[in-house]
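Engineer: If you read the sequences in order, they're chains R and W.
According to the working numbering, the first sequence is numbered sequentially starting from 1.
According to the working numbering, the second sequence is numbered sequentially starting from 1.
Just so you know, the hints here were simulated from the structure itself, not pulled from any lab data.
Remember, predicted model here, so these are calculated numbers, not experimental data.
Quick reminder that beta carbons are idealized off the backbone N, C-alpha and C, glycines included.
Among the hints, a few may not be true.
Now the in silico label distances, taken between C-beta atoms and shown as ranges [unchecked claim]:
| no. | chain 1 | residue 1 | chain 2 | residue 2 | range |
| --- | --- | --- | --- | --- | --- |
| 1 | R | Leu246 | W | Lys297 | 57 to 67 angstroms |
| 2 | W | Lys35 | R | Asn78 | 28 to 38 angstroms |
| 3 | R | Gly49 | W | Glu305 | 43 to 53 angstroms |
| 4 | W | Pro227 | R | Glu30 | 35 to 45 angstroms |
| 5 | W | Glu300 | R | Glu30 | 44 to 54 angstroms |
| 6 | W | Asp110 | R | Asn64 | 50 to 60 angstroms |
| 7 | W | Glu305 | R | Glu18 | 49 to 59 angstroms |
| 8 | W | Pro134 | R | Lys160 | 49 to 59 angstroms |
| 9 | W | Pro134 | R | Lys75 | 26 to 36 angstroms |
| 10 | W | Asn172 | R | Lys149 | 26 to 36 angstroms |
| 11 | R | Asn178 | W | Gln212 | 35 to 45 angstroms |
| 12 | R | Cys85 | W | Pro134 | 45 to 55 angstroms |
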Amino acid sequence: MIKDKIKKIYKGKVKNIEKVSASSYVIDIEIPERIEVTPGQFITIYCDGLTLRRPFSVFANKENIISILFKERGKGTNYIKSLKCGDEIDIIGPLGNGFTIKNKKALLIGAGIGIAPMNFLKTKLDEKGIENILAGGFLNKDEIPFNIKLDKIYTDDGSKGEGGSILNYLGVLINTFNPEIIYTCGPSIVLKTVANAGMKYNIETQVAMEKVMACGIGVCRGCVIDIKKDNKVINATVCKDGPVFLGNEVVW
Amino acid sequence: MVTTLGILETNLNGLVLKNPIITASGTYGYTNEYKDFTDVSSLGSIVTKAITLNSRAGNKNIRITETKSGMINSIGLENVGIDKFLETKIPVLKENNIDFIVNIAGSTIDEYISLAKICNQNNIKAIELNVSCPNVKSGCLEFGTDEDSLYELVSEVRNEYKGYLIVKLTPNVTSIEKLGNSAQKAGANAISAINTLKGTSIKINCINGEIQKSIISGGYSGIGIKPIAVSMVMRLSKAVTIPIIGIGGIETLEDVLEFLSAGADAIQIGTANFTHPDIAGRLVIELEEFIKKNGFKDLEELKKELRK
């Protein structure tokens, strides 16, 4: 996974902000220079008056525009949602270690807002001509961002695509598509289930974790998880060692 | 940007820093983490994350949460232990040309004594005692909340350590003046105040009539504690004669001036490093510009004027 790219504080400008589903938005942020972001890496946004910056994985990155897909959840996202085109926005990035892209037939699983980095990863895989399918699981059809091209759709209430949790279809997806690698992002239960399936079918899985963090750069130790390394359980920070980990090294 | 030598020079009566801006323990790593954002060598000093005799994995479960005006942390002193610290972290600080202060923590006086001896042997120029740890012997009351325990602890460390000794006081007491006095009597060279306040956050989520609670108890820090910190620094400055390093919610030049005015000789930046990773370096520049713009000779003169 790519290490130690220069991270910076950018005084960016809101280029566009758009509602893309019942509860999610895409914000395009223009920064003064072009940066290289790996899918799975994230940025943090300073939300006026709040102590903790909010982390968001990158949804798209073209030239000097960084886009994030976010769901309105609380004070931080409410602030970001309230921004208008042309407003200044204070971001830090790119942070963390993203997905290690391998030249292997890939299954991408995004659940809920976890679809954000999977969309970015798909773009990169397509650019490199690596065969892949993107499967998205959502509560219902209204939660599906209209601006994402999904190969497979699952909704809990059956209002679009196949009905029921995406996890119920994991075995079928693996058996029909025969992926050599699975990349995933979503709620913890999704990551865990995908990681376990990977171990069962002997397929490499890369999972993008999420945890409340203060610094985003590995200092505060607020976002540690347990991982297995050389038969030992050790602490790893989601922000700096992750957010992407191998599914079989995370202690679930 | 090169800071003119001299005008911000901070003499803490035995420890001379190039300026009074220090980063607080546990909020600045070993400076490599901040190099992308600011000139870390421009800082007066940095206090390293609390080091214990043996390594500690820290706490499980939720470690941080945001509050309305700050945050609560319950990291649990996760650290690599003193040996690995000396071997792997000090070289990083030296390479980055950092004046550092080593924060040490223990759960028995013997642990503190061992750490003090090791620091002495390794010519560590300055240490800061974290006295907010439970004292196993006294039924796990914190060392820093009892005058006699604090006096005993600081005296024992003083005997073993010849360098510059700072005692970081906890605000979770009725009379911080008394604790300040204990530290001074026992031979501390300076006091840093305040450590985090005890805080608890219970976040309640109700889904279809089912209550889910997310509880975290730990150290409360950030802008919300600033008035308490300023008050304690002010009271301490009347109670002790040794220098005071002010800490608590500092994130602007106005905050720095407020602490200097209350009696602090230097200040530490903590939580704000997380929100604005360039803040410490920026404050060095802003303080220098403020002194020049207003025609003061140097920091010493500014302090005198602020305290009139």
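Engineer: With reference to the structure, classify each hint as holding or not holding.
Structural biologist: Hints, one by one, checked against the model:
1. Checked against the hint of 57 to 67 angstroms, the C-beta distance between Leu246 (chain R) and Lys297 (chain W) comes to roughly 59 angstroms, which is consistent with it.
2. For Lys35 (chain W) and Asn78 (chain R), the Cβ-Cβ distance of about 33 angstroms falls inside the hinted range of 28 to 38 angstroms, so the restraint holds.
3. Taking the beta carbon of each, Gly49 (chain R) and Glu305 (chain W) are about 32 angstroms apart, not inside 43 to 53 angstroms as hinted.
4. For Pro227 (chain W) and Glu30 (chain R), the Cβ-Cβ distance of about 39 angstroms falls inside the hinted range of 35 to 45 angstroms, so the restraint holds.
5. For Glu300 (chain W) paired with Glu30 (chain R), a C-beta distance near 46 angstroms keeps the hint of 44 to 54 angstroms intact.
6. As the Cβ distance of Asp110 (chain W) to Asn64 (chain R) is approximately 57 angstroms, the hint placing it in 50 to 60 angstroms holds.
7. Taking the beta carbon of each, Glu305 (chain W) and Glu18 (chain R) are about 53 angstroms apart, inside 49 to 59 angstroms as hinted.
8. For Pro134 (chain W) paired with Lys160 (chain R), a C-beta distance near 55 angstroms keeps the hint of 49 to 59 angstroms intact.
9. Between Pro134 (chain W) and Lys75 (chain R) the beta carbon distance is about 34 angstroms. The supplied range of 26 to 36 angstroms therefore holds.
10. Under the hint 26 to 36 angstroms, the C-beta atoms of Asn172 (chain W) and Lys149 (chain R), about 56 angstroms apart, miss the expected range.
11. At roughly 39 angstroms, the beta carbons of Asn178 (chain R) and Gln212 (chain W) sit within the given window of 35 to 45 angstroms.
12. With their beta carbons about 53 angstroms apart, Cys85 (chain R) and Pro134 (chain W) fall inside the hinted range of 45 to 55 angstroms.
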